[in-house]
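Number of protein chains: 4
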Amino acid sequence: MKLRLGMIGGGQGAFIGAVHRIASRIDDQYELVCGAFSSNAERSKASGIALGITDDRVYATYQELIEKESQLPEDIRAQVISIVTPNHVHFEPAKLALENGFHVILDKPMTLTLQEAKTLKDASDKTGQLLCLTHTYTGYPMVKQARELVAANQIGKVRKVYAQYPQGWLSTLAEGGDNKQATWRTDPSQSGIAGAMGDIGTHAFNLIEYVTGLTVSHLCADINIVVPGRRLDDDGAVLLRFEGGASGVLTATQVAAGAENNVKISVYGESGGVEWQQDDANSLIVRYPDKPAEIWRTGGGYTSTAAMFNSRTPAGHPEGYLEAFANLYRNFALTIKALSNNEEPSAEMLDFPGVNEGVRGMAFIENVIASGKSEQKWTPFTI
Amino acid sequence: MKLRLGMIGGGQGAFIGAVHRIASRIDDQYELVCGAFSSNAERSKASGIALGITDDRVYATYQELIEKESQLPEDIRAQVISIVTPNHVHFEPAKLALENGFHVILDKPMTLTLQEAKTLKDASDKTGQLLCLTHTYTGYPMVKQARELVAANQIGKVRKVYAQYPQGWLSTLAEGGDNKQATWRTDPSQSGIAGAMGDIGTHAFNLIEYVTGLTVSHLCADINIVVPGRRLDDDGAVLLRFEGGASGVLTATQVAAGAENNVKISVYGESGGVEWQQDDANSLIVRYPDKPAEIWRTGGGYTSTAAMFNSRTPAGHPEGYLEAFANLYRNFALTIKALSNNEEPSAEMLDFPGVNEGVRGMAFIENVIASGKSEQKWTPFTI
Amino acid sequence: MKLRLGMIGGGQGAFIGAVHRIASRIDDQYELVCGAFSSNAERSKASGIALGITDDRVYATYQELIEKESQLPEDIRAQVISIVTPNHVHFEPAKLALENGFHVILDKPMTLTLQEAKTLKDASDKTGQLLCLTHTYTGYPMVKQARELVAANQIGKVRKVYAQYPQGWLSTLAEGGDNKQATWRTDPSQSGIAGAMGDIGTHAFNLIEYVTGLTVSHLCADINIVVPGRRLDDDGAVLLRFEGGASGVLTATQVAAGAENNVKISVYGESGGVEWQQDDANSLIVRYPDKPAEIWRTGGGYTSTAAMFNSRTPAGHPEGYLEAFANLYRNFALTIKALSNNEEPSAEMLDFPGVNEGVRGMAFIENVIASGKSEQKWTPFTI
Amino acid sequence: MKLRLGMIGGGQGAFIGAVHRIASRIDDQYELVCGAFSSNAERSKASGIALGITDDRVYATYQELIEKESQLPEDIRAQVISIVTPNHVHFEPAKLALENGFHVILDKPMTLTLQEAKTLKDASDKTGQLLCLTHTYTGYPMVKQARELVAANQIGKVRKVYAQYPQGWLSTLAEGGDNKQATWRTDPSQSGIAGAMGDIGTHAFNLIEYVTGLTVSHLCADINIVVPGRRLDDDGAVLLRFEGGASGVLTATQVAAGAENNVKISVYGESGGVEWQQDDANSLIVRYPDKPAEIWRTGGGYTSTAAMFNSRTPAGHPEGYLEAFANLYRNFALTIKALSNNEEPSAEMLDFPGVNEGVRGMAFIENVIASGKSEQKWTPFTI
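Protein chains in written order, with my numbering: chain A, 63 to 445; chain B, 63 to 445; chain C, 63 to 445; chain D, 63 to 445.
This is chain A alone, in the form it adopts within the complex (with noise of 0.2 angstroms):
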């Protein structure tokens, strides 16, 4: 049985929502039923039709949408609502979903602010309405496998990590235009108080996060508005300290002129290294100092379960970004069908992330732009 999806933003012409929208069918978990595709009713309205939504359940506002869905039979009624607006628009409609009964999917950042997300996610634990943040690149089952090689002590306690999220499509001033992407990005009002921290930073911090199982406890960032005329951030550099003694570096940028989207992870223990980065998504590398390094590969036979779980075809078959995505997707549909028959979800279907890694992460973009405008050094990680 498919989960009933209701979508919020996502029209014509935006980026994110397609691709929520192809993640949600990849695995056939989901049937998207009603949606508040636009700000602008009558562009909601044309969106839901080309999407084949019912007339009846294309709302004008998101509001709209959550007070609508709910007085709907509980058969009928959508189940899960995605929230793929810009970030200003995160908080309210998430808030009202959570406490009005429905599961939320919400794009990263979470909120506008640590506050917000600190609100958010009590309640979902008041709620126990479940929330899932779109930070696609744990959905990598080749990530997956270096988290879980990590956990199971295969490079030694880890010493150091890299992470690394290179893009060059604001090497330009490109908002302002007809550029929706680049406007509201760049936009304090709808993007907060960091650009590329907010949008691609705290992907590299969750990954970093997530395939280590480390905590940042310390940062000292070096912040950027690099184009001139931007007002947010489009460049940083962060070095890193995590509890337990390990340190590292995070770099990402939007001004990496012809880069495309190549983000990379390396960690290193004391007994060996892993290697991922996305434009080789299906390999890892694993490194020890006294044999030769492996390849593991999505869909190899001796990959570990997760990475297994979150593959669909035999390792040469290249999964990719939506893929990836799905996996988000699928394993929340999981966990929710699961906890709805009064089952535990398994291991792998709790596999995403969610408010805790969306209050990390906010705190991530308030730590990393304090610390960039700071004289000092180091500063507490702190939330």
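These aren't lab readings, by the way, just hints derived from the structure by calculation.
One copy or two, it doesn't matter: identical chains are merged, so the pair holds either way.
Think about it this way: if two alpha-carbon atoms lie no more than 27 angstroms apart in a straight line, the pair counts; the simulated DSS-like pairs of lysine-lysine are:
#: 1; residue 1: K435; residue 2: K219
#: 2; residue 1: K399; residue 2: K107
#: 3; residue 1: K64; residue 2: K188
#: 4; residue 1: K242; residue 2: K353
#: 5; residue 1: K157; residue 2: K107
We have chain A already, so just place chains B, C and D on it with the hints.
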């Protein structure tokens, strides 16, 4: 409006059926409404239920499916039938489907014999019902880009073509036990006269003719059964000659122990070359004698109309095997819709493998197996 | 103590002569003491002076070199003669040198004909003077590692062998003008009966037999002159059968426009495979059906004795073509020194291509060209 | 005519001494004529003999070498002295050599302290004797190509610079036993105030300034001793600011277990980027926002004068670490010869690291170690 899809084969445990269904969903052009998922009626029923098909449209046999669906009202009955069974159950259901007014999506190779393939082509031509043959690899954006660069004379007149398709999964005698894939693909009664040549050789052959726009005129094949006890070829290498004078080599093997599925093609012309391989599916390497090689990338703003038409995300968000597969489904759907709206389908819509490719694929199988048995060196490629 | 080296050919402007000289210097086993660097006496003189050779030991002809050096005192005269001339000036100087007490380093292919090669082998056997044939690619540490893994049964009994040697530098009719390389290598009177097959096909053939330890028993060749006006083959593809039942494919072309020199070999056995290519010369990929592939690296502490013996730096300091070439020179020198000290050379010292490889290489040329002209499919590999 | 070379250090068992000697031989510009190969007189003697140095020119100490060689006739005495000792034996012999009329080749880092480096620079300036500092990585042809593309504004004004230098060989406490390399490089009395930062951080720093043409103005360093019991830093990460406004990150570590030596640099400007890494040393990736990335290759006919000047073989014949090293030796020799002939050395000849790079490298060490200890975030880069 989605096309209503029926499926023959693809019951629980089958590999390719699930791939077809994912491919059908990714772009939301299809709704699975009926199926005969297994020759075992109970398993068909169970599979259908698991897929959310209403009970009355899960059929025990493909004959029943076609008969019963034909009798349903036009706005309810399936419009497209996907046939994802072993090769020996391609021809009859496909023919029946075409003759009863269904469009057909058919797994490759098209049939058991060239004669059957020709008959199917005739059936399609006569009925006007369309057939899409799932030669997945031509669905990759960078394969399309390669084809267009060749067609646009970017590398000059083609001289040399190399295609390789190495797999290792049949390195041992895996057939005869629980491994259903191994069992039917090595069984002449289900697979036809060819093993590896039919299963993957036809993919390489199709890729060659698709990218180069050339047609094979002569061949000289070395066809082997490497694993003792196997009944069909598991390995082969074929020297090729093309109309117009180019030459090439096609290798396909299923006994390259440790190899996954890295199908690769290299084409060299008078003034450059193109190289694509599935392990780096989002890149196309273009080589020149006198300037740096170029890396063309899926989603790159500079890519061709067809390449863009067949990708969903900006460069750096890897698209993989399932998306390539989905492109076949999507283009086929767009063509059907255009035609049913009395519109001319665009060149991009019409870009899917069909009956002509199916006939040539079966001709490849018959020619290559005959050549493998011949003492003669070069044999003409006859249809 | 360095070996005293004389050189025939390799005057100013020659490519391979300079490579030989660098190779001879890298490990400091040789001192260049004399030469007949050009068939033009003046150019020979000028070249010798530029190389710091004393005037009286720069000769006008190879005959003079051998005659005069023979008459010098034993502790002054050259001990080893490097012959780096076009193919038609291999046999006579090599034979003369061997018969006059010199060891010989000879560029490949060994001679113009198989009969000459056999005669040279006899001369070496009879005189006890050694001959090293510069099949460079077997000098790479990771090629040696591949050979040893195969010999140690790491991938099981060999079944399939693929070797490719793509070059693009003869994509146009470059011969006849200033391009000396193009001119002699496409001229039957200087190059022999083969062009690409002799120039690079023999390298691929040698690499195959070296890595696998197998010998070719039958072949079926497609040999082409692609560029109009050319007099020798510039392209070929060869189906291979080996003693013991393995099969393979060798391709070598000089008209792959844009290709550089990426010679590559893949060998698959019953339980795994090895892959090496010159573009990533310091890595050897080893594949297994049931565990992650491995990346063996030049200088890795875990590599074999022979691999270590043929590298100079720790892993991560890339060694290249010149070092591979130097390994031939070095091992040859160590063998000569050991023998002259009445010591048994080690297996590592004896690891250089010699007369047997030369004879097989010439047999390859004769067999492959004959097969290319034959209507018969498989022809036995005869010597 | 070869330059006569003397060597201080580099006795039997030393790593870098052998590398220097190979580098000196590759292009035949030097003849090793004398040495003080070890502080142990007997070992020096044995090393010298093994290297074929005549007995009277193997010295017990560097002082003796310089004194005695100074007294030899001008056409016999060494002209260039290579100093390949641990860091604490750089300054005095180099100064003595310069002051006694020898040119000097010196392993990096230049000295133990910045003050010593300045003094050496003064000595060179005053005496007119030249000094070459072996920052190997700037010797790679594709590093030179990168520098030239940046200088030619191919990627626009530089904005971001990333350099990483990961090694793993000091992941355990390897010092104190037989491992001479580990022992001296982690010993403050021999290595100076820095470990990893001096050993490999200076390479990364030099590479950055060489490729970009920029100078660091401020830095903020995280400097760590990761392995318990170690006395000098084995890991560090440094945020950088450059004159003119660009920023960057430099990481260097010797505790990335399993990492080899893959130094890498990425530079992004307003309109593109360049990327080079030692593991693929013969390729330079050049990225653009609006067209395919390019792969520039060592030996490619389209490469710059400097790139061609520093390669020996056509594209596709990999040149490696030893050839890069040799380029420093070769260019230094050509400069010396030109000057001694009263000719103006060409820009290509003068392209080797010298006293200015040495002074900046020592400044880097002092600034980075100070920053590592500072609570202040950004500290100016002072000399």
